[in-house]
Amino acid sequence: MKKHSGKRRLAKFGTLLIVLTCVLSLAACGSKVKENTVLSADDVAGKTVGVQLGTTGDTFVSDLETDGSNTKVERFNKGADAVQALKQGKIDCVIIDEQPALKFAGSNSDLKVLDEEYADEEYAIAFAKGNSLRMEIDGALEELKSDGTLDKILSNYVGEEIGQHPYVSENNGSKGTLTMATNAYFPPYEYYDNGKVTGIDADIAQAFCDKLGYKLVIEDMEFDSIITAVSTGKVDFGMAGMSVTEERKQNVDFSVSYAQSKQSILVRDPEAAAAASSFSAKFKADFLDDARYNYILKGLVNTLIITVFAALIGIVIGFVTAMIRSAYAYTGKPKFLNLLATLYITIIRGTPTMVQLLIMYYVIFASVNASKILVAVLAFGLNSGAYVSEIFRSGIMSIDKGQTEAARSLGLPYGKTMRFVILPQAFKNVLPALANEAIVLLKETSISGYIGLNDMTRGGDIIRSITYDAMFPLFGVALIYLVLVVVLSGLVSKLERRLRANERK
Amino acid sequence: MSVSNEVLLTVTGLEKSFGENKVLKGITTEVKKGEVISIIGPSGCGKSTFLRCLNRLEEATEGEIKFRDYTVTDKSVNINEVREKVGMVFQHFDLFPNMTVKQNIMLAPVQLKLMSVEEADKRANELLTRVGLLDKADSYPAMLSGGQQQRIAIARCMAMNPEIILFDEPTSALDPEMVGEVLHIIEELAEEGMTMLIVTHEMGFARQVSTRCMFFNEGVIEEENAPEEFFGNPKSNRLKDFLSKVL
Ligand SMILES: Nc1ncnc2c1ncn2[C@@H]1O[C@H](COP(=O)(O)OP(=O)(O)OP(=O)(O)O)[C@@H](O)[C@H]1O
Ligand SMILES: [Mg+2]
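Chains as they are written, first to last, in my numbering: chain A, -16 to 488; chain B, 61 to 307.
Hints in this document: simulated from the structure, not taken from any laboratory. Be aware that one or more of the hints could be misleading.
In silico BS3-like cross-links for lysine-lysine, where the CA-CA straight-line distance does not exceed 27 Å [unchecked claim]:
{"hint": "1", "chain 1": "B", "residue 1": "Lys135", "chain 2": "A", "residue 2": "Lys384"}
{"hint": "2", "chain 1": "A", "residue 1": "Lys384", "chain 2": "B", "residue 2": "Lys145"}
{"hint": "3", "chain 1": "A", "residue 1": "Lys318", "chain 2": "B", "residue 2": "Lys135"}
{"hint": "4", "chain 1": "A", "residue 1": "Lys399", "chain 2": "B", "residue 2": "Lys196"}
{"hint": "5", "chain 1": "A", "residue 1": "Lys384", "chain 2": "B", "residue 2": "Lys295"}
{"hint": "6", "chain 1": "B", "residue 1": "Lys196", "chain 2": "A", "residue 2": "Lys411"}
Calculated Cβ distances over 10 Å to all of chain A for the following chain B residues [said to hold, decoys possible]:
{"hint": "7", "residue": "Lys93"}
{"hint": "8", "residue": "Gly123"}
{"hint": "9", "residue": "Arg143"}
{"hint": "10", "residue": "Asp154"}
{"hint": "11", "residue": "Ala168"}
{"hint": "12", "residue": "Arg216"}
{"hint": "13", "residue": "Glu241"}
{"hint": "14", "residue": "Met263"}
{"hint": "15", "residue": "Glu284"}
{"hint": "16", "residue": "Gly292"}
Estimated spans, in silico, between C-beta atoms of each pair [what the hints assert, rightly or not]:
{"hint": "17", "chain 1": "B", "residue 1": "Thr121", "chain 2": "A", "residue 2": "Leu322", "range": "20 to 30 Å"}
{"hint": "18", "chain 1": "A", "residue 1": "Lys384", "chain 2": "B", "residue 2": "Pro236", "range": "23 to 33 Å"}
{"hint": "19", "chain 1": "B", "residue 1": "Val137", "chain 2": "A", "residue 2": "Phe319", "range": "45 to 55 Å"}
{"hint": "20", "chain 1": "A", "residue 1": "Lys316", "chain 2": "B", "residue 2": "Thr72", "range": "25 to 35 Å"}
Using N, Cα and C, we set each Cβ at its ideal position, and we do this for glycine too.
Just chain A, same shape as in the assembly:
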């Protein structure tokens, strides 16, 4: 009987899922994309323009935003996101650096780059103010320029001879490691290829590291985090197709320029009928080609690691602080620890998890070289602890006062009363709330991408930035979260039933 209902529930759930997928897919395909309305640079004013947050393009169109032309600017964290919005007709054009624009147009038959260009700009490498490493790398860059290496690297990514001059590393990292911050959604300068960050910047960095005898490590993060990461010393330098601007110069020092670029306008191509690739082709491109499902699987592992360890930390912290606060409520002691615990809970519950995560990474661990997973585990663990604490405390308070009095009247001291009488009952009462907190925690870890951690959500995002298909990567990721949550809830209700059954013998 019981088994039956479990199976039926599963079947129900499966059906629901399939129906949901169909509805959403139809919605995604059914709509027709708006026609292109930006034919020249003059048309940009008054339109909805996409840019990548914090780029030169952003600075440029920001002027349009306030000049009364009614131009709307949408700022995306990644160039690829802007391109996707363009393809879906959510925005009218994207203003982005020339080479990425060409690359995007090349890999998307329904997009094209307008012939007109905006202002020239110089790409350079960002260093923390006063970092002497800059001089060293400037020297190496000059050498790479004069011996032709730089041009060779560029020609491997743009122009007629793409792929014909791959840079081969000599790999002699004897002087230690240099960490480079980048945002790997900006082809051809940096992008993911077979799970690795590659591109012009990556090759040039590798080249000067080889020359100077360093080992190169590349850290992928949000574009607008790069300057902070550089100036706080989290990384040794930032290199992300970054042009030199006055604002940036206030926070970092720049190397000599290593490449020139222009801002280009990317629009939908009215000629090319959007090559609507079939479902199965999209599915294949999203998950099977180059074993891209690995982005999600590796992310899933990280998501699970973060969730499990953060939950453990949360339970320990939550339990300890709840005990402190309950003891204080009952006996008036310990005063100081109670104050500390209350302060902790107030702060954690009063600020967004995302801000806590960023503070943990960029402030608390600014100068410490801790792994991102560790930072995330600590941040989410501390965060969860505050909620778990309140759950435990309300569980303890929910137990009738008569229970404590009955136990104490038998001569049992406070500690034993808690341990044998109150906590077992409280624990059972709060089990659903704890499970709910675990579920919230699991889903909340999806913001880990903001410190450049490759969790499952970001895994899906990476695939999206490669294939420009939003549906399958996002649905795939959503589906895995959903399954995890359903399994978790199932386990808890099973445990709950067992605990309840105990009392009904």
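Start from chain A and add chain B with the ligands according to the hints.
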């Protein structure tokens, strides 16, 4: 049923206030070994509060309570030692729902290292036989009737081998048909010479079982006497009035 001259409990000038509300206004009395004292009085007059001061579930505001050599009202006294010897049975039984009947009974003696597990198990079986519930040893409280639960609560209290038991309206939460079985057990305890203070509304029971009856009114002991005199020849008008209403 014999009252000795050995004094177990001395209460002197006990006062208790909750904020502005003065509930006990100076109570002085003595409890001798073997006494069975019924406490009656109108609702809200402080009967429960008095009982709860005796094992310090409530802190007295003024006055002194002594149990043998322990000064209960003294902050430095180890109150847990007092509570091991001064048991309490509550109106709502307050059995631990997360434990079986037997675990309820064995918890305190074992955890306080007064008995080994084997001894406590043996004692639990004795007590369960005595309250007629040996077959419920492995049941959880939720599966028992109110009367059965209160009998277990008495057994749990007895397991500590207390010298005094405080009963706070032990039958008030019970359906009428279950009152008898609980009173019967208290009666047996009285016959064995257990010292007890019983807050109750069961006048017949009070008259039959107690060695002394106390009438509480507005925070003082208005009148106390042996049951025949107390019920047969009440002195104060308030007691006469009260008895005329409840009898
Ligand atoms: N914890 C408390 N805080 C504040 N006031 C209380 C508290 N406990 C009892 N009181 C008050 O003290 C007075 C006496 O209460 P108590 O429970 O001792 O009365 P009682 O004689 O046992 O009455 P009943 O027959 O209804 O049980 C009441 O007015 C009650 O409101
Ligand atoms: Mg009462």
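For which of the previously enumerated hints does the structure constitute a violation, in increasing order of number? 5, 9, 10, 11, 12, 19
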